[in-house]
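Here is what each chain is made of, one letter per residue.
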Amino acid sequence: MPPAVEFRAVTRHFGPVKAVDSVDLTIAEGAFFAMLGPSGSGKTTCLRLISGFEQPSAGQIRIFGEDVSATPPHLRNVNTVFQDYALFPHLTVLDNVSYGLMVKGMGKTQRYAKAEEMLALVKLGSYGHRKPAQLSGGQRQRVALARALVNEPKVLLLDEPLGALDLKLREAMQDELKALQRRLGITFIFVTHDQSEALSMADSLAVFNQGKIAQIGTPAQIYTQPATRFVADFVGSSNVLPPTLTQALGGPAKWSSLRPESLRLAQTGPLTGTVQSQRYLGTGTRITLTAQGTELAAFLPAGQPIPPEGTQISLTFPPNALHIMDDTP
Amino acid sequence: MTPASFPARGLADRLTTLFWRHPRILLVLLLTPPLLWLGVVYLGSLAALLLQSFYALDSFSGLIVPEFTLKTYAQLFTQSNLSIILRTLLMASAVTAASTIIAFPIAYYAARYAKGRLKAAFYLGVMLPLWSSYLVKVYAFKLILAKEGIVTWVATSTHTDWLLTAALSLPYVGGNSLATSYLGTFTVFCYVWLPYMILPMQAALERVPTTMLEAAADLGATARQTFWTVTMPLALPGIIAGSIFTFSLTLGDYIIPQIIGNSASYIGMAVYQLQGTAGNIPLAAAFAVVPILIMLVYLTLARKAGAFDAL
Amino acid sequence: MRSDAPLSLKLTAGAGLLFLHLPILLIFLYAFTSEERSFAFPPPGLTTKWFAVAWNRADIWPPLILSLQVAFLATILALILGTLISAAMSGAKFWGRDQLSLLIILPIALPGVITGIALRAAIPMLHLDFSALTIVLGHATFCIVIVYNNAVARFRRLSGGILEASADLGANAFQTFRHILMPNLGTALLAGGMLAFALSFDEVIVTTFTAGVGAASKTLPIWMLDELIRPRQRPVTNVVAMVVFATTFLPILGAYYLTRDGAETAGAGK
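Chains as they are written, first to last, in our numbering: chain A, 1 to 329; chain B, 1001 to 1311; chain C, 2001 to 2270.
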């Protein structure tokens, strides 16, 4: 069984700028895959390379084993949920959802029936006659989803799908999207700059930095074993320790990472410093200190005494928490 | 399972694929007809005009001699032709200045205070005269400024005819009646081009954020200070954009001074008469180059002042 | 901010608006005057006979019909060319894009007399005779920018995504054009076309340069210009002026209502 999407040394440059720089990537069928990175890191260009709105300057893209370099977007069996939803303002919700079936020549009765079915699936069964302008942000998002899914694509692409929603709605939609993906079994690929969204929704993800993939793995791998300083810093803002400090803590002379929540207060410990600031976060308190010349953050769970600013403290951590990284920045 | 891609179904699909792979083909297809029209016909005409201005009219035969010469341009510097150019420039400047002053309260009110329906009414109230028939508007002033017309009637019935008489007896700008004086020509120019000043001015004033005015007030500026130190500098590009229109349109007009005025000549009239009755296309062309050059200088200055963003 | 304007500002703004509109109303009044030789105010008497006189004047109908034909043809040409350019300009950036946008506004940015004399000088070089067709040629040149302005503003407002969304859902370029682009661009094109029609219908400056001699190239504005210079029955000219005004007024109003919801209200730049 070929992978759903495969990039082979794909490069895309805009003038002198390499938006995507020789990327190799394999996404398995049925995966819920996230592309995570800051803006300008190349993740959105990768998504547009799959949908066909960008063409690679070099390299090859395969969808289910098929080379799509000569296939324009409208002939690819791939659909997209756009960031701003891109609903057709002049068509009703029902006509929006059945648009893909209409242009492929399906009759009116049949396509409306399928569209109604899909609208029911996204819980918008009674909204078919409305225009997009009469819907809320969350409802538009569901219409965009239904409009893409009704075509039964092999791969569904989602470009920052939850970016425009408020926090509460975003959390509800995260669960719904995940349930929908399980139920339909379609490969979902979504782009986001929000690391918590990527970690909580995807079953595997790629972290992008400057047109290259910094790391691919499961959320747990990415979170606990960041491959590079960039990943450690970008995903969950881990403490990044320079080689000298790593060595002082008993590791090799390499960069390493230490998660704030793995640090514990102790009478004596390998890390000592003065508390500089504290930030209450509800589930705990995040304190910062400078220890051995490096600024560190520690997360102290709620329910224990918090050392006030200016006090000298010692910190300890379980031996396996110190994660050694490779030398790429 | 459905495949990863669909086969092309016909010519439409294949053409779409072609446009996707080579976007330039579509671009060329889209641009060829308009470029043939504007690039070849229109620019070609302007080039032909420029070329003609370097020819000269043979004074004996009255025929155009197609040989390069600067003689025709030299003719622009004769006393009578220079005074035509100077008169046109003075008129354009005066009209621009007056339009700015008359336009400002309308634009300022519409941008700052008018809301909802009143705003729409103001907008339409400016836009309709802008677009509606130029000739009808000029004609209207022929009625108004005529010696027996409404202006004289109003002046007589309000016993202010002394004012009218005084205005008409002014040296140089006055005349026999409003319809046959510089004052009349000036009034009509102002009337006809006024909407061109109001709209960009209003747009620029609308772009001045109210929060910025509040910030100025918050920092202790009086209303007058806020107006001169915040509103005006920010609205200036719009005013300059409007002045491009009033200036350029006055420079090139030849109908208004022909119908209302003291038969003094302007650049536009000179161009029209030279190509028509005199058949002196080279001199007409050279005259036409004058407003082009003036406008190029004006546009360069305006671009420096940021007026293009306000267009 | 004060929410109410000072009285002096209200009065000057109101007076400015009146100054823009009263003269046009006077045109209407003089169409009913019983005085035919002068513009005496107030009119000595009122009559509706000039409408009948105008209706029966044989020299008015051919210019009216010619003006309508010219405006119609110029509008069609401007619609085609203006839409093509706006489509090209709304897409990807290409070399010469800025120069092209300057070229489009040139016919309207330069004084009409320049466009007129340029065409006057060039048309004989193309071995064309001055006729009604050369009038159309001139009008279409400056009408392109009107259509272009309306269309390109709408293109800008259209969420760029919807054309991509259509392709993404399987529509080819022609289906996207028909089902997505035209319905969304339609009112902007209609508005642009109406403004172009109004502009062409009463254009006189370029027309005087590109028209041939004789009745076959006499548009209604040229007829009016003749009457202004050598008046015959003055109230008849007023009746015609009313017709010209109405013929331009209605499309302008229509264009405004077609585009007023958008950011690109038609007519904001002529």
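Treat the hints as calculated values from the structure; they're not laboratory data.
No residue lacks a Cβ here, since even glycine has one placed at the ideal position from N, Cα and C.
Hints are not guaranteed to be accurate.
In silico BS3-like links for lysine-lysine, alpha-carbon gap of 25 Å or less [as the list claims (entries may be wrong)]:
#, chain 1, residue 1, chain 2, residue 2
1, A, 18, A, 212
2, C, 2010, B, 1115
3, A, 18, C, 2093
4, B, 1119, C, 2010
5, A, 178, A, 114
Pairwise CB distance ranges (calculated) [to be verified]:
#, chain 1, residue 1, chain 2, residue 2, range
6, C, 2028, B, 1115, 26 to 34 Å
7, B, 1276, C, 2025, 28 to 36 Å
8, B, 1069, C, 2068, 16 to 24 Å
9, C, 2025, B, 1115, 20 to 28 Å
10, C, 2076, B, 1215, 47 to 55 Å
11, B, 1276, A, 131, 53 to 61 Å
Facing chain A, a subset of chain C residues (Cβ under 10 Å, in silico) [as the list claims (entries may be wrong)]:
#, residue
12, 2047
13, 2056
14, 2059
15, 2063
16, 2162
17, 2163
18, 2165
19, 2229
20, 2231
21, 2233
22, 2247
Status of the hints after comparison with the structure:
This hinted pair checks out: residue 18/A and residue 212/A have alpha carbons roughly 9 Å apart, not beyond 25 Å. This hinted pair checks out: residue 2010/C and residue 1115/B have alpha carbons roughly 13 Å apart, not beyond 25 Å. The hinted pair formed by residue 18/A and residue 2093/C meets the criterion: a straight-line CA distance of about 18 Å does not exceed 25 Å. At roughly 13 Å between alpha-carbon atoms, residue 1119/B and residue 2010/C fall within 25 Å of each other, so this suggested pair holds.
A hinted pair counts as satisfied when its Cα atoms are at most 25 Å apart, and residue 178/A with residue 114/A qualifies at roughly 22 Å. The hinted range of 26 to 34 Å is satisfied by residue 2028/C and residue 1115/B, whose Cβ atoms lie roughly 31 Å apart. Separation of residue 1276/B from residue 2025/C is about 35 Å and conforms to the stated range, judged on CB atoms against 28 to 36 Å. One distance hint, 16 to 24 Å for the beta-carbon pair residue 1069/B and residue 2068/C, is violated here, with the actual separation near 45 Å.
For residue 2025/C and residue 1115/B, the Cβ-Cβ distance of about 27 Å falls inside the hinted range of 20 to 28 Å, so the restraint holds. Under the hint 47 to 55 Å, the C-beta atoms of residue 2076/C and residue 1215/B, about 51 Å apart, fit the expected range. Residue 1276/B and residue 131/A have their C-beta atoms about 57 Å apart, which keeps the hinted 53 to 61 Å range intact. A cut of 10 Å between beta carbons decides the hint on residue 2047/C: the least distance to chain A is about 51 Å, and the hint is violated.
Checking residue 2056/C against chain A: minimum C-beta separation of about 48 Å lies over 10 Å; hint violated. Checking residue 2059/C against chain A by beta carbon gives a least distance of about 47 Å; that is not within 10 Å, so the hint is violated. For residue 2063/C, the shortest C-beta to C-beta distance to chain A is roughly 41 Å, which exceeds 10 Å, and the interface hint is violated. The interface hint given for residue 2162/C is met, as the beta carbon of that residue sits about 5 Å from the closest beta carbon of chain A, less than 10 Å.
Here the hint on residue 2163/C is kept, as its CB sits about 9 Å from the closest CB of chain A, short of 10 Å. Look at residue 2165/C: its Cβ gets to within about 4 Å of chain A, closer than 10 Å, so that hint holds up. Evaluation of the residue 2229/C hint against chain A yields a violated restraint, the C-beta minimum of about 50 Å exceeding 10 Å. Hint status for residue 2231/C: violated, given a least beta-carbon distance of 52 Å to chain A, over 10 Å.
At a threshold of 10 Å, the smallest CB-CB gap from residue 2233/C to chain A is about 51 Å, leaving the interface hint violated. Taking 10 Å as the C-beta cut-off, the interface hint given for residue 2247/C is violated, the closest approach to chain A being about 31 Å.
The structure is inconsistent with the numbered hints 8, 12, 13, 14, 15, 19, 20, 21 and 22, although it conforms to all the rest.
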